[in-house]
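Q: Kindly produce the complete structure, drawing on both the sequences and the hints.
Going line by line, the protein sequences match chains A and B. To convert, note that position 278 of the first sequence is 332 in our numbering; the numbers rise steadily by one, no gaps. To convert, note that position 210 of the second sequence is 264 in our numbering; the numbers rise steadily by one, no gaps.
Hints are computed from structural coordinates only; laboratory data are not their basis. All values derive from a computational prediction rather than experimental measurement. Check before you lean on any hint, since a few could be wrong.
Copies of one chain are not kept apart here, so a pair can be met inside one copy or by any two copies together.
[Unchecked claim] Here are the simulated lysine to aspartate or glutamate pairs, EDC-like style, with alpha carbons at most 20 Å apart:
1. Lys96 / Asp113
2. Lys96 / Glu127
3. Lys414 / Glu474
4. Lys136 / Asp357
5. Lys475 / Glu67
6. Lys96 / Asp114
7. Lys414 / Glu462
8. Lys96 / Asp118
9. Lys421 / Glu458
2 protein chains.
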Amino acid sequence: MNAYSCKNAAELEELYAAELQHFESCKAQGLQLNMARGKPAKLQLDMVSDILTVLQNGDDCIVDGLDSRNYGELAGLPCCRKYWADVLGCKPEQIFVGGAASLNMMFDVISRAYTHGLLHSVRPWCREEKIKFLCPSPGYDRHFSISEFFGAELIAIPMLADGPDMDMVEQLVKDPQVKGIWCVPKYSNPTGIIFSDEVCRRFANLKPAAPDFIIMWDNAYCLHEFEGEYVPFPDILSLCEEAGNPDMVFEFASTSKITFAGGGVSVMAASIGNIGYFTGVFGVQMISYDKVNQLRHVRYLKDKAHTIEIMKRHASVMAPKFALVADTLEREIDPLGFAQWKRPKGGYFISLNTMPGTAKRALALCKEAGVTMTTAGATYPYGIDPNDSNIRIAPSLPPLEELEKAMEVFCTCLKLAALEKLLHK
Amino acid sequence: MNAYSCKNAAELEELYAAELQHFESCKAQGLQLNMARGKPAKLQLDMVSDILTVLQNGDDCIVDGLDSRNYGELAGLPCCRKYWADVLGCKPEQIFVGGAASLNMMFDVISRAYTHGLLHSVRPWCREEKIKFLCPSPGYDRHFSISEFFGAELIAIPMLADGPDMDMVEQLVKDPQVKGIWCVPKYSNPTGIIFSDEVCRRFANLKPAAPDFIIMWDNAYCLHEFEGEYVPFPDILSLCEEAGNPDMVFEFASTSKITFAGGGVSVMAASIGNIGYFTGVFGVQMISYDKVNQLRHVRYLKDKAHTIEIMKRHASVMAPKFALVADTLEREIDPLGFAQWKRPKGGYFISLNTMPGTAKRALALCKEAGVTMTTAGATYPYGIDPNDSNIRIAPSLPPLEELEKAMEVFCTCLKLAALEKLLHK
Numbered sequence: 055m056n057a058y059s060c061k062n063a064a065e066l067e068e069l070y071a072a073e074l075q076h077f078e079s080c081k082a083q084g085l086q087l088n089m090a091r092g093k094p095a096k097l098q099l100d101m102v103s104d105i106l107t108v109l110q111n112g113d114d115c116i117v118d119g120l121d122s123r124n125y126g127e128l129a130g131l132p133c134c135r136k137y138w139a140d141v142l143g144c145k146p147e148q149i150f151v152g153g154a155a156s157l158n159m160m161f162d163v164i165s166r167a168y169t170h171g172l173l174h175s176v177r178p179w180c181r182e183e184k185i186k187f188l189c190p191s192p193g194y195d196r197h198f199s200i201s202e203f204f205g206a207e208l209i210a211i212p213m214l215a216d217g218p219d220m221d222m223v224e225q226l227v228k229d230p231q232v233k234g235i236w237c238v239p240k241y242s243n244p245t246g247i248i249f250s251d252e253v254c255r256r257f258a259n260l261k262p263a264a265p266d267f268i269i270m271w272d273n274a275y276c277l278h279e280f281e282g283e284y285v286p287f288p289d290i291l292s293l294c295e296e297a298g299n300p301d302m303v304f305e306f307a308s309t310s311k312i313t314f315a316g317g318g319v320s321v322m323a324a325s326i327g328n329i330g331y332f333t334g335v336f337g338v339q340m341i342s343y344d345k346v347n348q349l350r351h352v353r354y355l356k357d358k359a360h361t362i363e364i365m366k367r368h369a370s371v372m373a374p375k376f377a378l379v380a381d382t383l384e385r386e387i388d389p390l391g392f393a394q395w396k397r398p399k400g401g402y403f404i405s406l407n408t409m410p411g412t413a414k415r416a417l418a419l420c421k422e423a424g425v426t427m428t429t430a431g432a433t434y435p436y437g438i439d440p441n442d443s444n445i446r447i448a449p450s451l452p453p454l455e456e457l458e459k460a461m462e463v464f465c466t467c468l469k470l471a472a473l474e475k476l477l478h479k
Numbered sequence: 055m056n057a058y059s060c061k062n063a064a065e066l067e068e069l070y071a072a073e074l075q076h077f078e079s080c081k082a083q084g085l086q087l088n089m090a091r092g093k094p095a096k097l098q099l100d101m102v103s104d105i106l107t108v109l110q111n112g113d114d115c116i117v118d119g120l121d122s123r124n125y126g127e128l129a130g131l132p133c134c135r136k137y138w139a140d141v142l143g144c145k146p147e148q149i150f151v152g153g154a155a156s157l158n159m160m161f162d163v164i165s166r167a168y169t170h171g172l173l174h175s176v177r178p179w180c181r182e183e184k185i186k187f188l189c190p191s192p193g194y195d196r197h198f199s200i201s202e203f204f205g206a207e208l209i210a211i212p213m214l215a216d217g218p219d220m221d222m223v224e225q226l227v228k229d230p231q232v233k234g235i236w237c238v239p240k241y242s243n244p245t246g247i248i249f250s251d252e253v254c255r256r257f258a259n260l261k262p263a264a265p266d267f268i269i270m271w272d273n274a275y276c277l278h279e280f281e282g283e284y285v286p287f288p289d290i291l292s293l294c295e296e297a298g299n300p301d302m303v304f305e306f307a308s309t310s311k312i313t314f315a316g317g318g319v320s321v322m323a324a325s326i327g328n329i330g331y332f333t334g335v336f337g338v339q340m341i342s343y344d345k346v347n348q349l350r351h352v353r354y355l356k357d358k359a360h361t362i363e364i365m366k367r368h369a370s371v372m373a374p375k376f377a378l379v380a381d382t383l384e385r386e387i388d389p390l391g392f393a394q395w396k397r398p399k400g401g402y403f404i405s406l407n408t409m410p411g412t413a414k415r416a417l418a419l420c421k422e423a424g425v426t427m428t429t430a431g432a433t434y435p436y437g438i439d440p441n442d443s444n445i446r447i448a449p450s451l452p453p454l455e456e457l458e459k460a461m462e463v464f465c466t467c468l469k470l471a472a473l474e475k476l477l478h479k
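A: This is the structure:
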């Protein structure tokens, strides 16, 4: 129920005039605030900067008889493969450790599918007449961009409370042109939901027509609770194996939001068959990834249990910011009823659906008042939200006092855009 | 003149018996020696391990107002772009700093040409009926593998004393299917030669039929003298620009043999147009490369002059090894006259041409005696040396005493294989 809808035009005009005045006063402050990207705050980075000095000299760089400073071990240092297997709940031999960016590993998988095909491809995707990719939406724009870059038609799948609409997914994978689906299964970007066990099980049991259909399982927020204790999550590799689909899934993760953003260690987890195939393929492009940084991370993060302890430091910075956003939305927006959102317990985002047809306008107003947000529509395939309603809020970067100001501006802009719409301005 | 050719069969049999006895005694020692890859020695890595601690805390990670620990600056930290421009003699805006591996950047350029085309492509290379790549040989096997991986026909170009046979190159680029050429212009892998100014000039002035022909200029050993002072080398970007071919060249380098092998910082240098194009393209696969490691390197290496000083440490380890190899070959092989080689002053390799038809056999014997060498033929397209003659010696990794033993075995195997051939064994 939309509180504005009970008002008559004169009342709405009055509300509009008040919001506009507030907007103008915000604008006059010449703000420069940013809630656009999931970047950790300086305070978080400072909290983990001890990692810089865990390797002090040459001797520290030797592990299991291997010198991390020299070429070799394409799939990663054994101790780092073991670390990631511990974190993701799979086996070390299912782990391929990469460079600083998991996005680059995802790109490389799709790029190789396009140029050479995957383990079960009949032909490389570039030789297919047409390929399609399923994009649970709202989702992560950089995922969608990779598929689009390689010419796939993007198909939006609605996100429900416990994951993507699996009825629709199960139906669509019967089309042999459908080659894959993007997922952020835990604290999904941007909705913050966790896929239910039932959704994970249905993923593992998909029966796609394409023999080389792949689930791109971006477990970016696998340890990223900011409220409450660590939430266990099923190992998708085992589920797929049990379902007779061992090669259908590629899981990804990184330490970009554990240690340094863009300066961490990424990982791909997959079946032994896929790891073997990609070790061959990566062997053409690489001698070996940065093992010094791999070892630095293993020494610092130690294991899953210790990493969860480190994540509590991040939580201490993140939780008050998410609480501030949630409290502000509850106070300013919920009573008006024209927008919906959920309070997440982990991840980096809050997803808000405002009055249809007003998201772009609201963010244009934000920009005018000096608050940068993720572009409206970015969470949908081709950057087009059919309802012009979804907005991704990324509260991690600004300090609390800036965030408070940014949220004030944001709520005003949401209201202004909604009132403009109702008043046909 | 081959000294063996003056001997009669009985004399050759006598020499063979002596070498065989020596070989068997070497074999009995159960050696495990490696001259296969251009890996730095532990001593070299120890000499530069101070780089581990140049960044001590969070404040050290801030530079020019940028936090290297967070996302951003896809083309690299400005100070790192400036560093590489200094080293390569080009402009900072012509620099794109990558991850730990320059090979991966080369791969990405060819991969992108294949999937999407380059700045002046009529169509992506995967839509061309056929593509060809010129491979100056002996050359670097990993270069050739990248072209082969993307379906190019590889054409061997003879290496002369001052670079590839440019008459042949100028002729072949008239074929519009010829899309590029691989080069290691300074201390070429494996011949150790330096391209002459005239060869560089002729490269820059090529008039290829393909509008998207590219020179892959892998300046891997740009500062890698181990004997004598730093040898200045022309900036290929300026030469190409002056010749009206600004977008025809991509230059690559890395710190893999300056700091840590596979744990350094790589770079691509190209025209402003190409950097713009690839910044867009890399933007799909990456948020940003590891800027902490970029900053660590800038703080440690400082500038070109200081890096040249650091390279003198490496030279102090490398020079005695190359001298040992050269002295051994001069003593053991030169008098027999069946093999030719040149004494390099920089780089990581010595290239030797032994009696045609005996390289594979010689290296099989080496393996039998516990000495691993780069596979025979690896320096030619498809791994096939038409003369079965070229051998790449990589003396950097083993300590001097091991190298001495390895060279003893190697020379014995060269002689044995030659004698077997002459005696039709």
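Q: Each hint should be assessed against the structure and marked as holding or not.
A: Now the hints, each set against the structure:
{"no.": "1", "hint": "Lys96 / Asp113", "in the structure": "between (31 Å within a copy, 10 Å between copies)"}
{"no.": "2", "hint": "Lys96 / Glu127", "in the structure": "between (33 Å within a copy, 17 Å between copies)"}
{"no.": "3", "hint": "Lys414 / Glu474", "in the structure": "within (12 Å within a copy, 80 Å between copies)"}
{"no.": "4", "hint": "Lys136 / Asp357", "in the structure": "within (9 Å within a copy, 38 Å between copies)"}
{"no.": "5", "hint": "Lys475 / Glu67", "in the structure": "within (12 Å within a copy, 100 Å between copies)"}
{"no.": "6", "hint": "Lys96 / Asp114", "in the structure": "between (28 Å within a copy, 13 Å between copies)"}
{"no.": "7", "hint": "Lys414 / Glu462", "in the structure": "within (18 Å within a copy, 75 Å between copies)"}
{"no.": "8", "hint": "Lys96 / Asp118", "in the structure": "between (34 Å within a copy, 15 Å between copies)"}
{"no.": "9", "hint": "Lys421 / Glu458", "in the structure": "within (16 Å within a copy, 69 Å between copies)"}
Against the hints set out earlier in the document, no violation occurs for any number.
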